[in-house]
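Undergrad: Got chain A; can you put chain B on it based on the hints?
There are 2 protein chains.
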Amino acid sequence: MHFTSEQRLDDGSLEREFILDSIPGILWTPPTPSPAPLILLGHPGGLHTMYPRLVGRARRSAASGFAAATIELPGSGDRPRSADAEQARADLHRALAAGQPVDEIVDRLVIPLVDKAVPEWRSTLDTLLSLPDVSGPVGYSGGLIAIGIRLAVVEPRIAAAGLFAGSFVPRSMFDEARRVTIPLHVLLQWDDENNDRQLALDLFETFGAQAKTLHANMGGHAGVPDFAGDEVNRFFTRHLR
Amino acid sequence: MHFTSEQRLDDGSLEREFILDSIPGILWTPPTPSPAPLILLGHPGGLHTMYPRLVGRARRSAASGFAAATIELPGSGDRPRSADAEQARADLHRALAAGQPVDEIVDRLVIPLVDKAVPEWRSTLDTLLSLPDVSGPVGYSGGLIAIGIRLAVVEPRIAAAGLFAGSFVPRSMFDEARRVTIPLHVLLQWDDENNDRQLALDLFETFGAQAKTLHANMGGHAGVPDFAGDEVNRFFTRHLR
Numbered sequence: 001m002h003f004t005s006e007q008r009l010d011d012g013s014l015e016r017e018f019i020l021d022s023i024p025g026i027l028w029t030p031p032t033p034s035p036a037p038l039i040l041l042g043h044p045g046g047l048h049t050m051y052p053r054l055v056g057r058a059r060r061s062a063a064s065g066f067a068a069a070t071i072e073l074p075g076s077g078d079r080p081r082s083a084d085a086e087q088a089r090a091d092l093h094r095a096l097a098a099g100q101p102v103d104e105i106v107d108r109l110v111i112p113l114v115d116k117a118v119p120e121w122r123s124t125l126d127t128l129l130s131l132p133d134v135s136g137p138v139g140y141s142g143g144l145i146a147i148g149i150r151l152a153v154v155e156p157r158i159a160a161a162g163l164f165a166g167s168f169v170p171r172s173m174f175d176e177a178r179r180v181t182i183p184l185h186v187l188l189q190w191d192d193e194n195n196d197r198q199l200a201l202d203l204f205e206t207f208g209a210q211a212k213t214l215h216a217n218m219g220g221h222a223g224v225p226d227f228a229g230d231e232v233n234r235f236f237t238r239h240l241r
Numbered sequence: 001m002h003f004t005s006e007q008r009l010d011d012g013s014l015e016r017e018f019i020l021d022s023i024p025g026i027l028w029t030p031p032t033p034s035p036a037p038l039i040l041l042g043h044p045g046g047l048h049t050m051y052p053r054l055v056g057r058a059r060r061s062a063a064s065g066f067a068a069a070t071i072e073l074p075g076s077g078d079r080p081r082s083a084d085a086e087q088a089r090a091d092l093h094r095a096l097a098a099g100q101p102v103d104e105i106v107d108r109l110v111i112p113l114v115d116k117a118v119p120e121w122r123s124t125l126d127t128l129l130s131l132p133d134v135s136g137p138v139g140y141s142g143g144l145i146a147i148g149i150r151l152a153v154v155e156p157r158i159a160a161a162g163l164f165a166g167s168f169v170p171r172s173m174f175d176e177a178r179r180v181t182i183p184l185h186v187l188l189q190w191d192d193e194n195n196d197r198q199l200a201l202d203l204f205e206t207f208g209a210q211a212k213t214l215h216a217n218m219g220g221h222a223g224v225p226d227f228a229g230d231e232v233n234r235f236f237t238r239h240l241r
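Protein sequences, first through last, are from chains A and B. Note that UniProt numbering gives residue 93 to position 93 of the first sequence, counting from 1, and the numbers run on in steps of one. Note that UniProt numbering gives residue 7 to position 7 of the second sequence, counting from 1, and the numbers run on in steps of one.
Chain A with its partners taken away, still in its complex shape (with noise of 0.2 Å):
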């Protein structure tokens, strides 16, 4: 890992930029004492698109004394495209706006990307959790909740994760839901043009977490009420601190 650049946020808080075996990242740390338990920031792909909604979230994290990260996934940003990720992409926006079903888009597309995606986090972590500034328990929150999924099946370090159930998660994947158990916080926006409701509350349904949690609010993908991110951080804090 090698950090490609390094700047204090108004809020204490230091970012990081990284690569990781050819992978960037971005690391942010609080300015309380170290070292500080870590989440894992989920997003759709493509960090520099991303960034701003992810620095907010690596704000608040910070605010409760946590560090968060994240890198680039597989085909998206500036890492090499997949063609038949992209081809996969194109389809599901074609089959969305025919009103088509999604299912076998979505499988082509999101299993893939987990199964390329998940080594990647893990290797991460083990980097991550090395630096003397960052520690354990981890949690892993927020959208692309497939990686959230295979993550907290496969990945013992991952102790709590906040799912945003704004992401097709393949029908394929619900037996692996069914195996998640450690503790999650479910964030379901009602009105979600990026989602299927009955497909959130179906896999929340699915989980097998005796710890679970759905917290719905009105409104589209974007428009996740403030106090919504701000219970999910009370959430880590429960289970994290």
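You can trust all of the hints, since none of them are fake.
Pairwise CB distance ranges, derived in the manner of DEER restraints:
(1) B:Arg234 - A:Leu20: 36 to 46 Å
(2) A:Gly223 - B:Asn194: 26 to 36 Å
(3) A:Asp10 - B:Leu9: 36 to 46 Å
(4) B:His221 - A:Glu205: 15 to 25 Å
(5) A:Asp10 - B:Arg171: 48 to 58 Å
(6) A:Phe227 - B:Thr206: 16 to 26 Å
(7) A:Phe174 - B:Gly99: 24 to 34 Å
(8) A:Phe174 - B:Thr181: 35 to 45 Å
(9) B:Gln210 - A:Leu20: 37 to 47 Å
Keep in mind that the hints were calculated from the coordinates and are not lab data. Computed from a predicted model, the values in this text were never measured in an experiment. Even glycine gets a Cβ: it sits at the ideal position worked out from N, Cα and C.
TA: Okay, now just chain B, sitting in the frame of chain A:
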């Protein structure tokens, strides 16, 4: 209204039992400077039986600077019984035990109760708001959400409602639910034995409020986690202060 007892709780709140137009009730005011915004505590009837849970909710309200009050429901506790309501209650238990449909029985039980109780809550409100240590805006919090729905529609002093979706709501009241436009915080116990989950989700979808939030947690009717109670309190703090 006359107060029949008065005691100081260990958190500094003042608990006063009262009788108003032959209806028993309890008022809790916080130790903070008055006047305090008021939260009406809904419950399924039976003040003595419900007291431990009610006082717990009142303490939580007091910790955020709210007064809290409740009155006995028609036909419950020390109030005269209604033969029709007793019959409907028995029919409901029998139908539930036998797995039979309950819609007609719920109508017969809940609608007369709402028709009778809501004017009583409103006149109680007139009196409570005339006290020097109680003020508006007013919230309604708790179960028997059919009363909360009717109050939210007809009583302009109710500015926000935290509804515990753990009781039956007549389908015929869904039209009223559509007319509820105040901010709502709906609490759902995912495996509530007193409730139909799909009805609760349909009701949430039906509410006319722009600002409505659903918090679902695992467990049965009495298993609401402590943190979920704190979230209700923060909802009222956002909307009543």
